[in-house]
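S.K.: Residues 1 to 440 (full-length UniProt numbering) are what the sequence shown spells out, left to right.
Hints were generated in silico from the structure; no laboratory data involved.
Here the structure is a predicted model, which is why all the values come from computation and not from measurement.
Glycine included, C-beta positions come from ideal geometry on N, C-alpha and C.
Any given hint could be a false lead.
Pairwise CB distance ranges (calculated) [said to hold, decoys possible]:
#1 ALA260 <-> ASN56: 45 to 53 Å
#2 LYS156 <-> LEU198: 41 to 49 Å
#3 LYS415 <-> ILE217: 50 to 58 Å
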Amino acid sequence: MCSVYKKSEYREIIDDVIKLLSGKHLDIVENFKLNMEKAAENLEFEKAAMLRDKINIIEKIGEKQKIILNNFDNEDYISLYSDGKDTCFQVFFLRNGKIVGREHFIIEDTFDTNSSTLISNFLKEFYGGTAYIPKTIYVPNIEDEALLEQWLTLKKESKSTIKIPIKGEKKNILVLVEKNAKTTLENFKLKYLQEKALYDNVLKDLKNILRLQEEPIRIEAFDISNIQGFDSVGSMVVFEKGRAKPSDYRRFKINTVKGADDYKSMKEILTRRFQHGLSEIKSIQDRKLEFSSGKFSVFPDLILMDGGKGQINIALEVLNAFNIDIPVCGMVKDNKHRTRGLIYNGEEIIINKYGSVMKFITRVQDEVHRFAISYHRSLRGKNSFHSLLDDIPNIGEKRKKDLLFNFKSIDNIKKATYEELLSIPSMDKKSAECVLEFFK
1 MCSVYKKSEY
11 REIIDDVIKL
21 LSGKHLDIVE
31 NFKLNMEKAA
41 ENLEFEKAAM
51 LRDKINIIEK
61 IGEKQKIILN
71 NFDNEDYISL
81 YSDGKDTCFQ
91 VFFLRNGKIV
101 GREHFIIEDT
111 FDTNSSTLIS
121 NFLKEFYGGT
131 AYIPKTIYVP
141 NIEDEALLEQ
151 WLTLKKESKS
161 TIKIPIKGEK
171 KNILVLVEKN
181 AKTTLENFKL
191 KYLQEKALYD
201 NVLKDLKNIL
211 RLQEEPIRIE
221 AFDISNIQGF
231 DSVGSMVVFE
241 KGRAKPSDYR
251 RFKINTVKGA
261 DDYKSMKEIL
271 TRRFQHGLSE
281 IKSIQDRKLE
291 FSSGKFSVFP
301 DLILMDGGKG
311 QINIALEVLN
321 AFNIDIPVCG
331 MVKDNKHRTR
341 GLIYNGEEII
351 INKYGSVMKF
361 ITRVQDEVHR
371 FAISYHRSLR
381 GKNSFHSLLD
391 DIPNIGEKRK
401 KDLLFNFKSI
411 DNIKKATYEE
421 LLSIPSMDKK
431 SAECVLEFFK
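Turn these sequences into a full structure, and let the hints steer you where they fit.
M.R.: This is the structure in structure tokens:
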């Protein structure tokens, strides 16, 4: 389908194309930035994001047009942009007169630290952790220049120089690097605002749907994973302010449950989770530490169970045993095992399947499943292979392999007679009797 433009809009597009072909990409970028800022202020985040993407494309075109130098030295160009709170450092890597790469680093809460101090500190961090140091490093300003040059030269084992260009093409490149740093920081903050608006609305909607007292800032979700009842594991994922918080994820190997019993397994991991939490809280209070210093000491505002009423009741039973009051919410599945709503306080709540709350719940579901399965795979990797034969007395690795080789499957072994079992060279009377007894 063709887009329809007003005459004035069409003229504006043609003017921008002419400017771009004439090398005046900076004029277009400045205009787009103004429009992007207006869109962000008006909470038109989609429009702002579209303009941001256009700016990135045009700036890349501008860089390709501009930076082809006559010299063939290896040089790094480093500049920064601060907005009064945070700072973005941008590094351009020039090799043989052309940009071969660039990196950016955002440092939060730099506030009113002067730029020369920031650049000096950045150089120490950046080149302290890299194997390669170029012949020349260009910066807009710096403190302790001579000292840093000595340090870089010692590390490089050949001369490395820091230069502050005043004019000319080197200065122009640094100006471009600073503009890139500014755009990067603005894009970072725009994306943050977009995500914050989205997550804030999701948590408000979730609070209203469940009629909670407060927004569920911290949400914990739990899942059990096993294969045919073996190597059962439990996993806990955490979302804070709508975002996944992997540093707080926890894994549990099921210790007290034999076979595939998701309810008992869930009861075990929830019991361990809150038992650890209460123990840590007491220790933290006794030692006057921060609550965040423990692995389990921060409790959730909402527990999200992948199952329905059965899993909710298990969670409530565990919480009641510890005298802990936390809302517990479960999921209602349709006949295709897809979530269609939530269960809370015994009431089924249907949710718009295209809405932000459903998307958020699906994301939490997917994450807890992914984390549980990844843990289960790692255990299976360590344990190699587990079958029912591993649980039969007097059946070791050799006999297990021989039984599977000759009978092809567990079902065929179950049906085997005493004589058929004894026909396997590695089997004796006692081991054959153990197999028959196990499958009786």
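S.K.: Work down the list of hints and note, for each, if the structure agrees.
M.R.: Outcome of the hint check:
Roughly 50 Å separates the CB atoms of ALA260 and ASN56, a value that falls within the hinted 45 to 53 Å. Between LYS156 and LEU198, the C-beta spacing of about 46 Å keeps the proposed range 41 to 49 Å intact. A hinted range of 50 to 58 Å for the beta carbons of LYS415 and ILE217 is consistent with their spacing of about 57 Å.
Hint compliance for this structure: every hint is met.
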